[in-house]
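S.K.: Residues per chain, in single letters:
Number of protein chains: 2
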Amino acid sequence: MEMESIRDTYSLGLKPQPKSVTATAEWRRLKVHARHIAKMHLRDVLGVASRCEALSAEFEGSFLDYSRMQVTQRTMDLLYALARRQRLREKIAAMCRGDKVNVTEGRAVLHTALRSAPDDAPIVVDGVNVVEDVHEVLRKVKAFSEAVRSGEQRGATGRLLRNIVAVGIGGSYLGPEFVHEAFSTEQQHAVDQDLNDFYRLRFLSNVDPVDVRRTLYDLDPQETIVIVISKTFTTAETMLNARTARQWLWDAMGKDPSVVARHMAACASSSAAARVQNFGIPPEHLFEFWDWVGGRYSVCSSVGALPLSLKYGYGMFDRFLAGARAVDIHFQHAPLDRNLPVLMGLLGVWNMSFMGYKTRTILPYAEALLKLPAHIQQLAMESNGKRVTVTGEVVDYDIGPVDFGEPGTNGQHSFFQLLHMGQVCPAEFIGFIESQHHLHVEGEVVASHDELMANFFAQPDALALGNTREQLVAEGCPPELIPHRTFAGNRPSLSLLMPKVNAYYLGQILALYEHRTAVEGFMWNINSFDQWGVELGKKLASDVRSRMHKFRSGKGTLSGGLNPSTHGLLKRYVIRDRDAFKHC
Amino acid sequence: MEMESIRDTYSLGLKPQPKSVTATAEWRRLKVHARHIAKMHLRDVLGVASRCEALSAEFEGSFLDYSRMQVTQRTMDLLYALARRQRLREKIAAMCRGDKVNVTEGRAVLHTALRSAPDDAPIVVDGVNVVEDVHEVLRKVKAFSEAVRSGEQRGATGRLLRNIVAVGIGGSYLGPEFVHEAFSTEQQHAVDQDLNDFYRLRFLSNVDPVDVRRTLYDLDPQETIVIVISKTFTTAETMLNARTARQWLWDAMGKDPSVVARHMAACASSSAAARVQNFGIPPEHLFEFWDWVGGRYSVCSSVGALPLSLKYGYGMFDRFLAGARAVDIHFQHAPLDRNLPVLMGLLGVWNMSFMGYKTRTILPYAEALLKLPAHIQQLAMESNGKRVTVTGEVVDYDIGPVDFGEPGTNGQHSFFQLLHMGQVCPAEFIGFIESQHHLHVEGEVVASHDELMANFFAQPDALALGNTREQLVAEGCPPELIPHRTFAGNRPSLSLLMPKVNAYYLGQILALYEHRTAVEGFMWNINSFDQWGVELGKKLASDVRSRMHKFRSGKGTLSGGLNPSTHGLLKRYVIRDRDAFKHC
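One line per chain: the protein sequences are A and B, in this order. Read left to right, the first sequence gives residues 1 to 584 (the UniProt record's numbering). Read left to right, the second sequence gives residues 1 to 584 (the UniProt record's numbering).
Looking at chain A on its own, in the form it has when it is part of the complex (with noise of 0.2 Å):
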């Protein structure tokens, strides 16, 4: 195994293969161990400082601390020795400097590169230093939201564009509105709070008509820029929106060319750039992303840098990036065990494959990040629910699990009633040193902030600690309630305590999030930057699509090959039985 190179891990299913990482020493170790750690309850090791001490890590006052995790200083060293195993180290290297580590696409997995600075290091793909684009693409989002801010750059009729459309679905969509909602309360880094809040950015994701009337049905067409975003400019739902949004400017407008050249933008790849102008967009309206550019990892460039700063303006943005860069750079090079990705990359393998632990909830308490636990889950459930290996085999252990999660307090009073009490199912706890938004009513005892914060270090000791039916009895609780009342712990939950709501720290939960997943893939063998789970899908909904207008257009019947099922659903769809309606 220490003879393969590094590209070899990546080669492709038709070479002789290296033997599954279940089968390593590394991992049957961690296999028996976990036998143990079944064995230890939280309540009995969280009062052991040291213990406490050693596991947690710092970077930039972004303060991890899994103590509450059901590993000791000895689960910790397995996972390390697994994750040289896995040459854990070289695949981030190889990942950063653009090897093609996303070998079932024969892509670079370059999101770090567009975090990167003006000056840094060449990083070439193909023979293009992508550092050079980066940036060219960054001062042309730069440009032209400073001109549609200023009022330089207006619609077709003269008037302000005020609003902002984005046109994504996915991955160009998730991460952008993670974004903009948690910067929509952050006036640190804002310009100008009036300018921002002059500006309305909506999102128009899905394909349900009913959505299309939700973003639009308010907004003047004379003061609207529509963004479409897709890196082929041929996702279905996307295109349909995009055409629906086109309309909505003819119809508003008129049909001449300049309406959509003032009123639509496109985020899309170089090698769609024949496709965009077909549409209508012109070529410098085109802010291009790459292949080696994920969707699901696509915030940091122009698919969030557009939108977002034509609704906040370049800096906001600009800060945003600097808090991902330094991520990255401390993912590269901080050890194992100070490196915050890697730490809760390794806890995630831990708790799915060791533990068994088939799901995960991400906690953040800050309204600020109510949109996080949906992009979270689209990043870890897209790149990690896979079923075979990166080199071909059906893996056959427990990997991907299923993420969810609401902000704090929120859920406190929706699932947490089975976090206490049903199955286990770790939990990540993200609070702030300060808010956004400082609120302490008169009379109140705490602020705000402080109450909402009392939750965020609350919570995580008892789903640890738990409580007994001796602490019961002491507290005089009625016979027949206790096994009721009863909490076993045990539950594990990490704690990320940051500074700061603001676009800083925002970037460094994107990048720890995205990478945190990476690690994840490495250890688990897998390509976390494909997705070929989503075509089988696309494909049947083609099909259904085309019998549909050929059943109405009266040029084919409904059912050649379906199964009866489908046939029996489709036939109620578009043959509507006037007594199915009779209760509408």
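Quick caveat, the hints were computed from the structure, so don't treat them as lab data. Just so we're clear, the structure is a prediction, and the values are computed from it rather than from any experiment. Possibly wrong hints are sitting among the right ones.
If several chains are the same, the list does not tell them apart, and a pair holds so long as it fits within one copy or across any two.
Heads up, simulated DSS-like pairs for lysine-lysine below, C-alpha to C-alpha not over 25 Å straight-line [stated by the list, open to error]:
1) K571 x K555
2) K571 x K539
3) K571 x K500
4) K500 x K550
5) K555 x K539
6) K582 x K571
7) K31 x K19
8) K100 x K500
9) K555 x K538
10) K582 x K500
11) K371 x K500
12) K550 x K571
13) K500 x K39
Since chain A is already given, all that's left is putting chain B on it; use the hints.
M.R.: Positioned in the frame of chain A, the structure of chain B alone reads:
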């Protein structure tokens, strides 16, 4: 067992216990049967028309197709046998007639009564006919909302009350928000669309001061009515936010009692009446709900009625109640094998307890239902995330899946990769024949709603059927990509196809899921109506709050009795290290 009365089934812990459900012949038969089913592939049975027809049921045009669940008719028969063994019908009847089936709190569970007709037979709880109480409050909501909407009832300074801020958390928030989001694009039952658009409804749930800012920053207090929703009027987050909102009103209009009297209302239990009045809200603005309404089952009480009627008019809410009522009657009277919520519940039990699937995803193909998954997540996970049976024995079988979801097609571009290729996660597809909004862009092959629904029809087949190496070879897939593009299939889902997204069918959906949840709990022999699991966290948070306060006011130290981890985190929070902030 047959000799015991229903009431005994619900008795609390101290008397001789019935044997565990796992010890029954019915449960054991299902366990054995599940081993056979594990060998069945959906690909091999989905073509059988008789099976597809058998595995479906319909109610008022709402069509449930569960032919893609990993079941046969034999599975269903065994589940019905277990349902009889678990006295499912008797438990449903007991719940609906007002027996105190929430034994640990000694309460009836009567959300069905909230949907009663005014002339329904009395349902008596502790000597009171709750049907009368329900309709008295509904009349009060109707009168009040009409007075506000007509301008008869105005703010303290004479302005129209056009902003409605609902302050509540958990069940007092998620249900109303789900319905609000769906109503917002519903025009069919709207009395006057312009009037509805004039009113703005917002929810303030999180204690995070950023949520306060997000909710209130652009509202004029003179035009705002604040509804405080908390059964006991003591929920920590809600009451702090209520005091915050009151201060905001006072700051704008002075501390005259008329300000609170005219700008605030409460949804609370009558036993909290004194607290409501002390807060400054007059009795005529207290809209009661009752001990027999659980928070997560409260949408149909004043909790939903008041904010939704203010925003949309009472008529729309009334149609919503009618839809729920129709399902309530169906639930109580339809035979098990034709009973939609019973079928959904039995399938939930099958997937979790016999097939071992720990998660479940709900996928409304309707942007209007974007908040349904969060509501169902609370409803299901808080209800059935339990550790003991109703009689206090620790549950030693799998119960309580993790529920999550997003609207389709958005989810397809997020976590569907995992659904297709990662761990098995049963999926629930909800689609509608008719959209709220018709849109067919010129030149498009199909309407936007068709495009959406093409995906609704296609995805369940992609999950169930998958594809094979042979198919890929035939399609010319490059050999090295075959393992990556092979879909194992055999992933279970159910499809619920309903006529229309409107108030009536939204009521149906709500009741279907409420009853599905209850069925699962009845089958698992747990109490789906209490939530002791949230108590410990509250207690510990209160302790942290008091430490913060004492430390800040110089009256105490942080550390006594805390474990070193919590002490360390808390110290970081209260003593802000300047070093940690230098990157901000």
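S.K.: It remains to establish, for every hint, whether it holds in the given structure.
M.R.: Comparing the hints with the structure gives:
1. Taking the shortest alpha-carbon separations for K571 and K555, only the intra-copy value of 16 Å comes in at or below 25 Å, while the best inter-copy value is 73 Å.
2. With identical chains, the CA atoms of K571 and K539 are at most 25 Å apart within one copy only, with a shortest distance of 20 Å there and 55 Å across copies.
3. Proximity of K571 to K500 under the C-alpha cut-off of 25 Å is restricted to the inter-copy arrangement: shortest distance 16 Å between copies versus 55 Å within a copy.
4. With identical chains, the CA atoms of K500 and K550 are at most 25 Å apart between copies only, with a shortest distance of 24 Å across copies and 56 Å within one.
5. Within a single copy, K555 and K539 get their C-alpha atoms as close as 21 Å, which meets the 25 Å cut-off; across copies the closest is 67 Å, which misses it.
6. Within a single copy, K582 and K571 get their C-alpha atoms as close as 18 Å, which meets the 25 Å cut-off; across copies the closest is 64 Å, which misses it.
7. Within a single copy, K31 and K19 get their C-alpha atoms as close as 17 Å, which meets the 25 Å cut-off; across copies the closest is 35 Å, which misses it.
8. With identical chains, the CA atoms of K100 and K500 are never at most 25 Å apart, being 36 Å at best within one copy and 48 Å at best between copies.
9. Proximity of K555 to K538 under the C-alpha cut-off of 25 Å is restricted to the intra-copy arrangement: shortest distance 23 Å within a copy versus 64 Å between copies.
10. Taking the closest pair of Cα atoms, K582 and K500 come within 25 Å of each other only across two copies (11 Å); inside a single copy the shortest separation is 55 Å, beyond that limit.
11. Proximity of K371 and K500 under a CA criterion of 25 Å is satisfied intra-copy only: 17 Å inside one chain copy versus 29 Å between copies.
12. Taking the shortest alpha-carbon separations for K550 and K571, only the intra-copy value of 13 Å comes in at or below 25 Å, while the best inter-copy value is 68 Å.
13. When the C-alpha separation of K500 and K39 is checked against a cutoff of 25 Å, the pair qualifies neither within a copy, at 38 Å, nor between copies, at 53 Å.
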